[in-house]
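Top to bottom, those sequences are chains D and Z. Heads up: the first sequence begins at -12 in the numbering used here, then just goes up one per residue. Heads up: the second sequence begins at 62 in the numbering used here, then just goes up one per residue.
What the hints contain is simulated information worked out from the structure, not anything from laboratory work. Fair warning: there could be bad hints in the mix.
[Said to hold, decoys possible] With a straight-line cut-off of 27 Å between C-alpha atoms, the simulated DSS-like cross-links for lysine-lysine are:
(1) K164/Z / K12/D
(2) K26/D / K5/D
(3) K12/D / K40/D
(4) K134/Z / K40/D
(5) K134/Z / K180/Z
(6) K190/Z / K180/Z
(7) K134/Z / K117/Z
(8) K117/Z / K0/D
(9) K190/Z / K12/D
(10) K180/Z / K164/Z
(11) K190/Z / K(-6)/D
(12) K5/D / K117/Z
(13) K40/D / K117/Z
(14) K26/D / K12/D
(15) K0/D / K180/Z
(16) K134/Z / K26/D
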Amino acid sequence: MVFDVLKYRAANKAWQEKYDALAPKAGDIAPDFELCDVKGQNPIRLSAFQGQKPVALVFGSYT
Amino acid sequence: MSLHDLYHQYRDRVQFLMVYIREAHPVDGWWLGGGITGVVTKAIGFTAATDVYDPKTTEERQAVAGRCQSELKYEIPICVDTIDNVVNTAYAAHPTRLYLIGKDGRVVYAGRLGPFGFKPDELGEAIEKYLAAGQSKE
């Protein structure tokens, strides 16, 4: 178990540091995307909310 | 303040959107459901699933996201990242992260890296400040 924590924690941290350097910061244009809902339907495009409402993005998973 | 508290407080003025990304702790990865961690996570009422394998297709991920939505009675609208993790990567979001995007399409608040930097209170403060600034211009 300890080995798993060390292994996965190190891998996750390396991934975060690599991509966080490229991720948008305050003031940057937010990367646009279009994704479907849990049924694979009703595509939502981030940029569709421009000029309408601010958007709170919550990234996560069930685990 | 929880995310759902924020959602209920601001949903009329802010579009909330969950982006369902790569699993944080799947059975076939960094699993938290076994051994001592399994006992501890149950004891503290951890609501995350401990029986999910890492999806191999976008459709599998959508199915897990649907299960999450129904079992947790998750009210925030969910969209699901594709299996190539393009959106997750663009936002360096794994395992959890919060952002606030302004009406002009620019980032207002970029939350720190999860899980320890996942701070709904900070998002709430950013929303309040953003909305207050908008009102003062009107």
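Please write out, lowest number first, the hints stated earlier that are contradicted by the structure. 2, 11, 13 and 14
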